[in-house]
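Go ahead and model the full structure; you've got the sequences and the hints to work with.
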Amino acid sequence: MAAVVSVQNLRKRYRRRDPWAVDGVSFEVGPGEAFGLLGPNGAGKTSIVKMITGLLRPDSGSISLFGMNPGVPAARTELGFAPEDPDFPKFLRAPEVLDYFAGLLGLDDAERKRRIPETLAFAGLSGERRQVRQFSKGMKQRLGIAQAILGRPKLLILDEPTADLDPLGRRDVRALIDRLKASGVAVLLNSHLLSEVERVCDTVAILARGRVLKEGAMDEVVPEGSNLEEVFVQLVEANQPQHDSVPSFISEPGA
Amino acid sequence: MNGTLAVARYTLLEMSRRRLLLVFFIVGAGGIALLGIGVRAFSSLLVPAIEIHRSDGSTVSAADANRLIELTFVSNLISVLGLFALLMAFAIGMTAIYHDLESGSAVAIFSKPVSRFAFAAGKLAAAIVAMIAIVGVLGVEARLVMLLFGGGLEEALSLEILAAVANAVTLMLVVLALSSWMNNIVAAIVAFVFNGVTSVVNALHQQVNATNQGGLEGLKAVVNVAYWLVPHQLVSSAPREIVRSEFLIINTGPDMPPVDDVVSGIPGPSGAGDILWWLLVVVVLCGLLYLAVRRRQV
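The listed protein sequences correspond, in order, to chains A and B.
When the count follows the numbering used here, it moves up by one through the first sequence with no breaks and lands on 255 for the last residue.
When the count follows the numbering used here, it moves up by one through the second sequence with no breaks and lands on 298 for the last residue.
Think of the hints as simulated: they come from the structure by calculation, not from any bench.
Each residue gets a CB set at the ideal place from its N, CA and C atoms; glycine is no exception.
Hints may be right or wrong, so weigh each one.
Rough simulated footprint, nothing fancy, chain A against chain B, three-plus residues with beta-carbon under 8 angstroms [to be verified]:
no. : region
1   : 1 to 7
2   : 13 to 23
3   : 106 to 113
4   : 159 to 173
Rendered as structure tokens:
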């Protein structure tokens with residue numbers, strides 16, 4: 001089956017003097033597949049995700065989103081994207097934000113009336129009357145996930161989706177991913193919560209300094225008797241300079 | 001089209017909830033009402049008590065005195081509305097696009113199947129509609145306040161409001177385009193300086209071309225070239241007609257200069273060339289805004 005998203009030899013840097021933020025990354029995600037993108041801070045995960053969603057232009061390499069360039073609006077019709085640290089027009093309320101995004105998705109009135117209340121209920125924002133500027137980070141994250149699923153995407157990209165969620169919210173997101181996978185939706189999950197990734201993803205790519213260190217099916221990447229966190233730490237430590245991260249004054253006597 | 005409408009609709013809704021615009025609107029509406037009521041009350045008390053003398057020493061009749069007060073009021077009203085429209089231009093221009101781009105809202109919006117063109121068009125439409133609506137409501141209020149004076153200058157006021165909106169739209173587009181490239185406060189400062197330079201060039205052009213004095217050909221040439229490099233500030237016939245009417249009431253002696261010479265230093269109504277130039281500037285600024293939004297990586 002054709003890949004939903006295909007990334008080939010992708011490179012990106014923000015200024016000429018900077019090192020490559022993304023350096024020759026390639027991978028594919030197929031329908032119904034949950035793909036985990038892992039890496040330490042600054043590994044290039046969010047840059048990759050932003051290039052796939054058409055928000056950033058790659059310096060070289062190619063991206064095919066549903067067979068099209070992600071810069072073309074039609075390519076993003078079946079894409080849902082929940083950004084890391086999401087934000088929305090701050091004077092709007094949650095139903096208005098979803099109605100705004102339904103308009104951008106081209107949903108008709110009947111579909112809006114059906115989907116918006118259900119999506120708000122899923123996000124736990126049904127009775128919420130405050131404007132977005134009064135939302136907590138967790139509420140914004142819930143709204144971010146809500147707008148991402150509103151268009152019934154065939155590819156859902158979740159960038160650190162559970163970072164600001166409480167345990168119940170995390171459970172809901174895990175259940176959502178399971179449901180989406182079962183209905184053939186591809187999921188690209190970018191998360192630091194390795195146990196979560198190990199639980200829901202079929203395939204994983206581990207990045208450091210913009211390069212893919214290891215990629216493959218979860219059972220290929222994680223040998224029997226080990227776990228994803230051990231593999232991740234070993235790979236990343238072997239590929240970037242190590243330093244004692246605890247300040248020396250912490251362990252000084254009499255502190 | 002759906003995308004443009006959605007962006008325009010919710011940008012307007014957001015603007016309607018911004019306190020800054022609301023405060024500006026209340027100040028403008030209150031200011032116009034106070035100006036009208038204040039001038040009317042002031043004139044009611046003073047006109048019977050004072051005498052206004054013409055240049056030939058004769059006394060201005062009570063009807064002419066009232067007419068003078070009305071002309072002064074309309075002249076002030078035009079200045080207040082022009083200033084208010086410029087304030088709105090800054091308030092809308094600094095917020096309509098900048099906050100979406102800076103807050104991260106643009107990340108979620110641009111990942112939807114909406115083109116940057118549709119987004120920019122929606123924002124522009126909302127900004128222009130908001131400007132027309134707010135200044136329009138104040139214009140209606142101004143016309144109602146003018147009823148206190150007996151009326152007769154409504155047409156002049158309507159055309160001048162149209163010109164004020166057109167000039168404010170140009171400035172708003174400059175702020176919008178700049179705030180898509182840079183910080184919105186820096187954008188406002190740059191636009192403020194640009195607007196100052198534009199006003200000076202427009203005024204110089206008016207003065208230099210109204211003067212028949214010889215030896216100014218070099219200056220005229222420089223000013224004329226500069227004039228076609230900046231947006232033309234549109235003007236109705238109102239400012240010139242107000243000065244003409246005031247002059248004709250006050251100055252009646254035989255040795256008075258011709259009224260046409262007196263008013264030639266006041267900006268006259270903009271011609272078709274000025275309006276076309278304004279239109280071209282608006283199109284260029286809209287194009288620059290689109291390019292800024294299109295290039296923007298969020």
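Here is what the structure says about each hint:
no.	hint	verdict
1	1 to 7	holds (count 5)
2	13 to 23	holds (count 4)
3	106 to 113	holds (count 7)
4	159 to 173	violated (count 0)
Violated hints amount to a single one, hint 4; each of the other numbered hints is respected by the structure.
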